[in-house]
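Chains L and D, in that order, are what the protein sequence lines are.
Anchor point for the first sequence: position 487 equals 487 in my numbering, and the numbering is continuous, going up by one each time.
If you want my numbering, it's the position in the second sequence, counting the first as 1, plus 1000.
Worth flagging that the hints you see were computed from the coordinates, not collected in a lab.
Computed from a prediction, not measured in an experiment: that's the story for all the values here.
Among the hints, erroneous ones may be present.
Label pairs and their computed distance ranges (CB to CB) [to be verified]:
no.	chain 1	residue 1	chain 2	residue 2	range
1	D	1029	L	533	28 to 38 Å
2	L	281	D	1281	30 to 40 Å
3	L	484	D	1016	48 to 58 Å
For glycine and all other residues, C-beta sits at the position ideal for the given N, C-alpha and C.
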Amino acid sequence: MGVLLILWRQRLRRDRWQLPCWILVIGAFALFAVSVVSSTYGTAASRSEILQVAIATPAILMLRGLPRGADQGAFTFFLIYAFLALLAGLMSTFLAVRHSRADEETGGAELVAATPAGRLLPNTATVLHGTAANVLAGLAVFGGFAARGLDPQGSLLAGTATGAVGLCFLGMGLLVAQCMGTSRGANGVSAALVVLAYVVRGIGDATGTPHSDGTTMTEGAASWFSPIGWGQQTFAFSGNRAWPLLLPLGLGAACLTAAWLILRVRDTGDSVWGDRPARTSARAGLNSPVALALRLQSGSILGWGLSGLALGLLAGSLGKAIAAVDNPGSGITAALRAMLRSQGISLTQLMVSVLFSIAGVLAAACALQAVIRLRQEEASGTAELLLAAPVGRVRWLAGYLALGALAVVLVLGLAGVGAWATLTGSGDESMPADALWQTVLAQLPAALLYLAVPALVFVLWPAATIAAGWVLLGLGVFLGIFGGMLGIDQGLRDLSPFTHTPVPHGDATDWSGAWWMLAIAGAVACLAVLVMRRREVGTA
Amino acid sequence: MTTVVQTVNLHKHFGRVHALDGLDLEIQAGEIHGFLGPNGAGKSTTLRILLGLAKATSGSATVLGLEPWTRAVDLHRRLAYVPGDVRLWPNLSGGETIDLLSRLRGGTADGNAYRRRKARLCEAFDFDPGKKGRAYSKGNRQKVVLIAALATDAELYLLDEPTSGLDPLMEAVFRRELLAAVERGATVLLSSHILSEVEVLCHRVSIIRAGRIVDGGTLDSLRHLTRTEISFAADGLEAQALARLGAVHDLAFDGGRVRFSADSDRVAEVLPALGALAVQGLTINPPSLEELFLRHYGDASAHPESPADINNGNGDHGHGGDRHGGRRHLLGMRGRA
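The following block holds chain L by itself, in its conformation from the complex (with noise of 0.2 Å):
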């Protein structure tokens, strides 16, 4: 038992502060959403009103969950509730991923497992630590929800229901870790599995029966194929049921088995899918700083490549399916269109600009990752190889800038392609296609800052690249995309530069914005690679 406590004072030291974060901002998710609901949807009535157009609206029911009525807690239970236990999955399959295979990866996990610890019990401890922080998670909720008044009994099943959730991906990141031969695959495999389950869950969401009252579902088969769905058919606020989360707690439990039964016969380092024979020599492409670059990132490019195009599917299809709710009771969907007019856009242009802006997020992540990529080649020693050949430092830098820049022309570029083809497809012509490609270039600038910032702080104070450059992505996104929503001060909004980032509405389209952050983007690249060429390459 000592050994275990050490093993997890471990666990908890490592994590003393991403585990925190995740855990605030579960519970802060929750609290917000409660917030919003009250003043925005403050009546019944609002609440059954939008209700009405989620039903009829496929793509909001994939995004948010399962109606079940306009109380006010359910309501806020099928806002929030899906993307809830989305976090608290990837919470989970990091943290299982982190204290196993990328412990045999660096060569920690073979220093615990020489001492009397042994093999078995670091994954023990790992349960138990993971563990913890979903029962942090659930209470995290709980308190999100009850802090603003919404039933107690309705906000701890909730609670409950993400935590077990969370179980159930803890316990598959640990079976995924035991396969998987490397960190980065596992962590890949592991989040995709909690990303699948968010869309299985909302395509059986997407496809269900509405009720004759108008407010409520019975969900579609594929909800009953998904941890998250699972833990909606808790009915939290309106049923109240909790048998439905034996489900994702048997079959994490069933998870936990298996990865044991592996790590029991396995040897520390191996795994299930092991390396396969490798090239022994290069492709003739293989010949450049540029090229290494774009081998070594080529995967995540894809992942963000299809993200976008993903998105851009769906924003296509939203604003057809929100004008086929043809509800003449409806005072919002009214007073929507009567305001669309007035500004000469149409519902679709509107659903596109929104869902685009989330377009522009994943376009500055991708950016971000490029400029954390050369932090890491840097950190990790495999840059100075590189530099000891004939590559100049602001070579090597500018190649990767170059990369990252045709990255998220490709991300913007793909989520165009997919908002033109389900537009085409749809018949819908409320959007004409230039006005769609003004939508995406409008996103560029944006994005183009996460490059050329983070890029600044890698020359200047290289530690804090991957640190900087996260905060700096997640304020922005919420000063500028959450900020009006959370009514939060005018001048703090614009610092973000998703603020900046223009609406394009036919000729009186404001562009400045855009030229400003253009001009920015490229002054601060250009400052960066000046100041690396008078940088020393290290690993401090």
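Based on the hints, put chain D in the right spot on chain L.
Relative to chain L, chain D alone:
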């Protein structure tokens, strides 16, 4: 002879730490130059400055006639570097990494000949290029970079503890390949704390401590700083008889044997006296750089086996405060001799 590497009064400060503190290093064309020093003495910092990856705080460095910080790229076309702690791209195979590094250096222009060199070196080093970078052990990671360096002709090889992960068999292969490169006209700077390796390979050595060169020259010229270990059976011999031996240090009886050490350049003076005593079971251990090394750094590295008589009376061994300790204590040794 032309000078290939020259540094004059080279300083490198990291904040208040003086990693290099007036380093003067000179390497002639065609030699294998040993760069000896304990961990933290500034060997890797020196190499990084010679490569132009780090910038000297003051002083000058010239490599192949170029200033490394401003002309790094031109310089790198003509040299090959093997770091001490090789880190590879985890998802590139060893063969791919060798090809990439060789291509960047422009060493693959001769196509098939390059492929033959690579294959021959992989064979010689018993290296499997078909595994991912993350799967290699430390020694195999080192082989990747060694093979890439040796497969392309370079005028200068900068090697930072290149054999620290290799087994003795591979060290022999490394020595053979390195000598072949020198035969082709290359110059080598071999940083190491593995003294036997330097002893076998190097024409000249420079000894670095606390950021400055404390001694240097050919191995023979350094011999006078070392001592030879002499021991023989003690039976019946008395201390007075041994007192006449003269240049004797650390005289001791243990386990029925007499042990002492003599200054290496004065061993011949001791031998007639030993002959007169008709000693039995005489063994003479030749001096090694190991021993020279311990004498230089015995006080600073607090080595448990450091000879007790090496004590320069300086109790403060702070990083900068003791910067002349090595030289002072060398002089002290000479004074006793």
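Output the numbers, in ascending order, of every earlier hint that fails for this structure.
2
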